[in-house]
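Single-letter residue listing:
4 protein chains.
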Amino acid sequence: MSGNTFGSIFRLTTFGESHGPGLGGVVDGCPAGIPLDESMLQLELDKRKPGQGGLASTARKEADKVEILSGVFEGKTTGTSIGFTIPNTNQRSHDYSTIKDVFRPGHADYSFTAKYGFRDYRGGGRSSGRETVSRVAGGAIAQELLRSEGIAIYAYTVELGGIPVNAYDFEGAQDRPYFSPDPDIVDVWNDRVKDVKSQGDTLGGVVEVRATSVPAGLGEPVFDKLDARLAYALMSVGAVKGVEIGSGMNASCSLGSLNNDPIGPDGFLSNNAGGILGGISSGQDIVARAFIKPIPSISQEQSTVTTDGIATSLSIGGRHDIAAIPRINPVLKAMMAMTIADMLLLDRRLGVRD
Amino acid sequence: MSGNTFGSIFRLTTFGESHGPGLGGVVDGCPAGIPLDESMLQLELDKRKPGQGGLASTARKEADKVEILSGVFEGKTTGTSIGFTIPNTNQRSHDYSTIKDVFRPGHADYSFTAKYGFRDYRGGGRSSGRETVSRVAGGAIAQELLRSEGIAIYAYTVELGGIPVNAYDFEGAQDRPYFSPDPDIVDVWNDRVKDVKSQGDTLGGVVEVRATSVPAGLGEPVFDKLDARLAYALMSVGAVKGVEIGSGMNASCSLGSLNNDPIGPDGFLSNNAGGILGGISSGQDIVARAFIKPIPSISQEQSTVTTDGIATSLSIGGRHDIAAIPRINPVLKAMMAMTIADMLLLDRRLGVRD
Amino acid sequence: MSGNTFGSIFRLTTFGESHGPGLGGVVDGCPAGIPLDESMLQLELDKRKPGQGGLASTARKEADKVEILSGVFEGKTTGTSIGFTIPNTNQRSHDYSTIKDVFRPGHADYSFTAKYGFRDYRGGGRSSGRETVSRVAGGAIAQELLRSEGIAIYAYTVELGGIPVNAYDFEGAQDRPYFSPDPDIVDVWNDRVKDVKSQGDTLGGVVEVRATSVPAGLGEPVFDKLDARLAYALMSVGAVKGVEIGSGMNASCSLGSLNNDPIGPDGFLSNNAGGILGGISSGQDIVARAFIKPIPSISQEQSTVTTDGIATSLSIGGRHDIAAIPRINPVLKAMMAMTIADMLLLDRRLGVRD
Amino acid sequence: MSGNTFGSIFRLTTFGESHGPGLGGVVDGCPAGIPLDESMLQLELDKRKPGQGGLASTARKEADKVEILSGVFEGKTTGTSIGFTIPNTNQRSHDYSTIKDVFRPGHADYSFTAKYGFRDYRGGGRSSGRETVSRVAGGAIAQELLRSEGIAIYAYTVELGGIPVNAYDFEGAQDRPYFSPDPDIVDVWNDRVKDVKSQGDTLGGVVEVRATSVPAGLGEPVFDKLDARLAYALMSVGAVKGVEIGSGMNASCSLGSLNNDPIGPDGFLSNNAGGILGGISSGQDIVARAFIKPIPSISQEQSTVTTDGIATSLSIGGRHDIAAIPRINPVLKAMMAMTIADMLLLDRRLGVRD
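Chains as they are written, first to last, in the numbering used here: chain Y, 8 to 361; chain A, 8 to 361; chain V, 8 to 361; chain H, 8 to 361.
Hints are computed from structural coordinates only; laboratory data are not their basis.
Calculated cross-link-like contacts (lysine to aspartate or glutamate; reagent style EDC-like; alpha-carbon spacing at most 20 Å):
(1) V/72 x Y/74
(2) Y/72 x V/74
(3) H/107 x A/81
(4) Y/107 x V/81
Given only the sequences and the hints, what does the whole structure look like? Please build it.
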């Protein structure tokens, strides 16, 4: 397996399975002098815990205590690589007999087995969503770097189970269930979740990620466009099946006269571009949306086959989340943060010369 | 500027501006023994020419003759890096006085200037769509490699100006105007284009790209998921504002019971996953869609500012395309081909050991 | 800081300072199915401990207990990234007052300060030789991979303090003081070390590294020649000031008729090439030598300046090693092992196609 | 084949065989605003031509006219990737019958065949020394970048056929035969070359490369040490079998008290370190030496085997160079220039933050 490193200048390399001794990572390329301690990483990790807000995730206990092993001295980064670990503490052995020998629809079971000749049925191994704790920790470091540049990152739910929000208070969203920017939608979503859950089903949604106060000029004009890097970052999170920038999909059925953002003496008069023109940041908010598929583990009966190819049916019990939202939000936030941190450092290197 | 190299194993490095002596690139990492000659690259380049099918692109003459300088001997690749050039022949000096000192809405003018302190107003320089000829040539080489593995790539238009197709003959699409999989939609699209053109406006659309006979097992489970790499590849093409895999956006408002692809003894019973599970190919067709924004150059009056920040209005004359489709199709095809070639070589390296 | 990752396919990313909580690393790209457990890493780490063989290194106690956190299941690699940590246990606070405010000659003090604006005077921080424990652990993993291919790596001392060996039993060297291939030289070297130590001075030497049973064909013909990668790997170890391959330096004053290796029906008749021709392995033993400078910390008085640029003199007390040999040997062994593992995986990817 | 790209930030990707239509490359990552035109590249390319100074190289005619296709506008770099080509003009078909079916001792014939299953007997193909023209062109661009920073690079011969120089006028060396820093040695070397040539033999030598006015702080402390990168760069040139930095090999038999460079109020009092401490530049001249093996093509009879393994003997006729020096000097100069340019841009990115 390869591809366990993310980024070109600000680089996160991760390791860890859902059922090994622990997970962790190394951040290379973080400049010296950034205020950082474990509490800042823990804050983001806690947002990813189950049972945070809304009814979509079940209240399992997962400690996820992070320890920083290097790269920080007296509360500031030293510029050296930052190593961190997150021990696995919640590995009570489930009964996997029901899924051990079948390919779960919607999961990586079949494709992973095709690639590696085996799979870790105890929760997906490296393919488990648990892998994302290392991303969240790395993203927290990126967010501290960005904060020192005045840049803030937000990830808030704009649609759940087909029900969109009517308000966009993304700053307040951080403290609401489902990280909702609309206070009034929470109960509606709760009802929808309860309803779907009662049918033994699951649902998806849409998460909008936003970066504010990003300077104009980030991104490279050809392959490493800022939007291309963002699409890669967000789509690399399991369950994400689509990514759009600014007006995105809607731009495809719009007209040039409507989709172009007119410019006035005080700047752009709209932001259909999502803050990116020709792959380079324009100084407006960077706005992207990730489309999340429903959790594939459902208790309803599904047709599948055993690992020997024999037709069978499967009902996945146990306490599974009903939606990847809101636990996926801090992960998407982390991916946008690391992407912008990377492009920021990349740009510092090669702008016009002084 | 950086980011002029695409891919990790099968790597394309490109160069060239719209108004310099020429463009070209180097393909590194292509195995030896692949049948290749210039005609195979020319075939794809010709599909990108203006005035091919439909009324959306104007019939300017662009030679785009490619020459291969290395890496091919007696009709086969030697395994060494393949250098190719495409001279610029169509550089009759336009009158740029109207756009020289203003920021064109929807173009990279403002962001590029913010990054580099200047811009090449003579057609966008490195940000010009002309840069994509090198991608098409590199993609043609990737397609020959994939062909030797039995893999074929298709790029066909499934929606133009908000009008979707009703048929999906993607094999026949290669020979139809707009690379349309639906013979009956061409006239409808032509009328739509004429109508929009008469209003001095432009339109966008949706292009579906598909890879057939891709073996299961391509893609890496964490950051370098096949869908993440594809999203990066497609979004790196100018005018693309959204990318989805399989059921994509629709998955976000679906249910687990509907979106999961059941499995039978003969394989998957549907393909909502778009051929990718957990970031790894499943053996089904790889299906992605790119959402294309309208061409930003319109003859309608638009509000903008001069490079000095003075409010003004702009009408862009000249013979501009009305839609990026169908000229963008071979570019998207090339990006998918290079991505799958890269993942194929990446996987060969690190699968289960013999 | 960047550059904390080594290798392209078999990749080691390291972290850790001499005085932080711990050190460690992540190995990405190791295939699945390689027998591996912590004892194999510990074995190599123990060879790097002080007080092993000979009088050149002092007998400080350093536990250096390694823990593997991921990538290994039931005694075999799973193909996922392998994370490991090595806690710092021996951090009793020294008295640094004598060196805190002066630049030590021969150390990185001045250049590191020039780069980062500060330095970690408590043992060099990231520039400390302690950083190499992560290399040794990563190299141990590479050696298991190579062992599964029948390849063995050796690092033995061929010269110490200007005194060369007269025998080359490199297999037996692993169990001798100074990792000496010559049993009779050990006492001579011990006398030399005692003598130099009594003068408050230090000395250097030459370590030969060798890989046996390496298949012909490893290495890329242009920039990534096997010898170029090896030179990079060995020179990246502190204290190494020169690297040669095969006849190396001597080739420069030889003649073509003497330096060429004639070929017979049973293979090459000599190995002046050190097993590498045109950057590609020839199937003979890969032989390289690293030239090690004397330990810069000496108790003799040296002229230097304070961090404020005031002239002063410095005598470095405490229990310092007299030579980097033999502790540097397992580090050089690790660097050669990771380099060959990397080129092996690189070559598997892109040879002639089947 | 892979490994046709050199550098991480300032990146050169090359292509071209000795007998194809042409060679060339792409430089990515060169900042905007550097004065550049083809004459600057041509100047360095001309230094690599045969028959320049001394009797070691024969006076074949090779045009090597370079053309820049992109990245330069009105005499300055634009920051976009710089593409250049060098057509092959001197491909008169030799008679290869003598070498077609035998492995030439000292050449890559055997190892290349083992890797790729074939070889290009018409001059080595990608393994030919001709490949280095692209390096020289790329290095010329790097030297212009360095010049704008006040940094100069020199490559001069300090030993030929075992005869060392007695003077070190490296600035004057650029205009002397063999790029000799010692005017009085030229005749001695000429006699040596004549003598060896008359015996149908060849010889090697030592080239010293030097960078002046390099700021302190370049290089990364762990794997990407400046000396490690330099060793990689120089060793990647065919015929180089050893690399040393500063006192290099001699340091291994010296003492700490002699090898350490004392520091005074006005800086270092000697430069045994070769301008690099802990992998980071110290502000002194960067000094490295490359040890060059004799040209393997000799007219004396050598024992070898046919490609079928049958014992035979070989005498290589034709007009071959007697030594790689002085044609290799501009290549080594180019490699050092690109390495320092790369580290310079790398360092700009990640020093201490403002």
